[in-house]
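Note that this note's numbering gives residue 203 to position 33 of the sequence shown, counting from 1, and the numbers run on in steps of one.
I should point out that these hints are in silico values taken from the structure, not numbers from a laboratory.
Keep in mind that a hint or two might mislead.
[As the list claims (entries may be wrong)] Computed beta-carbon distance windows for the label pairs:
(1) Glu234 / Met171: 28 to 36 Å
(2) Gly212 / Val303: 31 to 39 Å
(3) Asp236 / Gly324: 25 to 33 Å
(4) Gly304 / Thr347: 26 to 34 Å
(5) Tyr172 / Glu206: 28 to 36 Å
(6) Ile300 / Glu190: 26 to 34 Å
(7) Gly262 / Asp182: 25 to 33 Å
Since we're looking at a predicted model, the values are computed, not measured.
Glycine included, each C-beta is placed from N, C-alpha and C at the ideal position.
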Amino acid sequence: MYFAALLARTEDGWEASDTELDNVETLADLADLARESAADDGDTVIVFIEQEEEWFALVRVDGEDDPRIFVSNAAAAARSSYGEILTSELLGDDDRDDDLDELVDLDGTEDGEPETDEDEDDDVVATTGIVPVGPLGDVQVLADLGLTEKQLLGLQADADALGEIADAIGASDILETVR
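Put together the whole structure using the sequences plus the hints.
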């Protein structure tokens with residue numbers, strides 16, 4: 171069972187709405203849903219998604235900026251429909267990327283130059299489909315709102331992680347309203 175909520179940060183504080191993800195098939199759909207819930211175009215919206223004691227995710231949408239994503243357990247999330255949308259985006263599992271790589275060398279290296287270890291890790295994930303066990307994404311996603319990287323990484327999906335996150339950013343009462 172999933173729980174999903176949208177928290178929009180306005181001039182007056184946080185506003186929340188319970189949401190259904192039935193029509194969400196892509197990250198763009200989710201970002202559009204978040205933007206629609208914002209009172210003003212530039213508002214920050216945090217999408218909270220949780221699958222009971224398996225994983226949780228945060229998707230931050232700031233106006234028209236690209237969404238920022240954090241998933242607590244990528245391997246567990248990848249086995250679910252909504253989590254798969256997020257982990258695929260984070261891992262770059264997009265056929266368009268493969269097509270572009272065939273057309274031009276976008277990594278900036280000349281032929282024959284060695285790739286860095288980071289590039290090799292990305293290639294292994296992309297070609298093998300291996301999803302890492304554990305956190306994946308932007309660990310600084312809520313740092314400017316009061317939740318440090320250390321606090322975020324210390325949360326467990328089997329605890330009330332979303333409640334602790336909401337508490338850290340000053341939105342616990344609002345989140346509880348939609349729960």
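Status of the hints after comparison with the structure:
1. For the pair Glu234 and Met171, the beta carbons lie near 32 Å from each other, so the given range of 28 to 36 Å is met.
2. Restraint check, Gly212 to Val303: a C-beta distance of roughly 36 Å satisfies the suggested window 31 to 39 Å.
3. Between Asp236 and Gly324 the C-beta distance comes to about 26 Å, which sits within the given range of 25 to 33 Å.
4. In this structure, Gly304 and Thr347 meet the distance hint of 26 to 34 Å, their C-beta atoms being roughly 31 Å apart.
5. At about 19 Å, the CB distance of Tyr172 to Glu206 disagrees with the hint of 28 to 36 Å.
6. Roughly 31 Å separates the CB atoms of Ile300 and Glu190, a value that falls within the hinted 26 to 34 Å.
7. Checked against the hint of 25 to 33 Å, the pair Gly262 and Asp182 fails, with Cβ atoms roughly 38 Å apart.
In terms of the numbered hints stated before, the structure departs from hints 5, 7, listed from lowest to highest.
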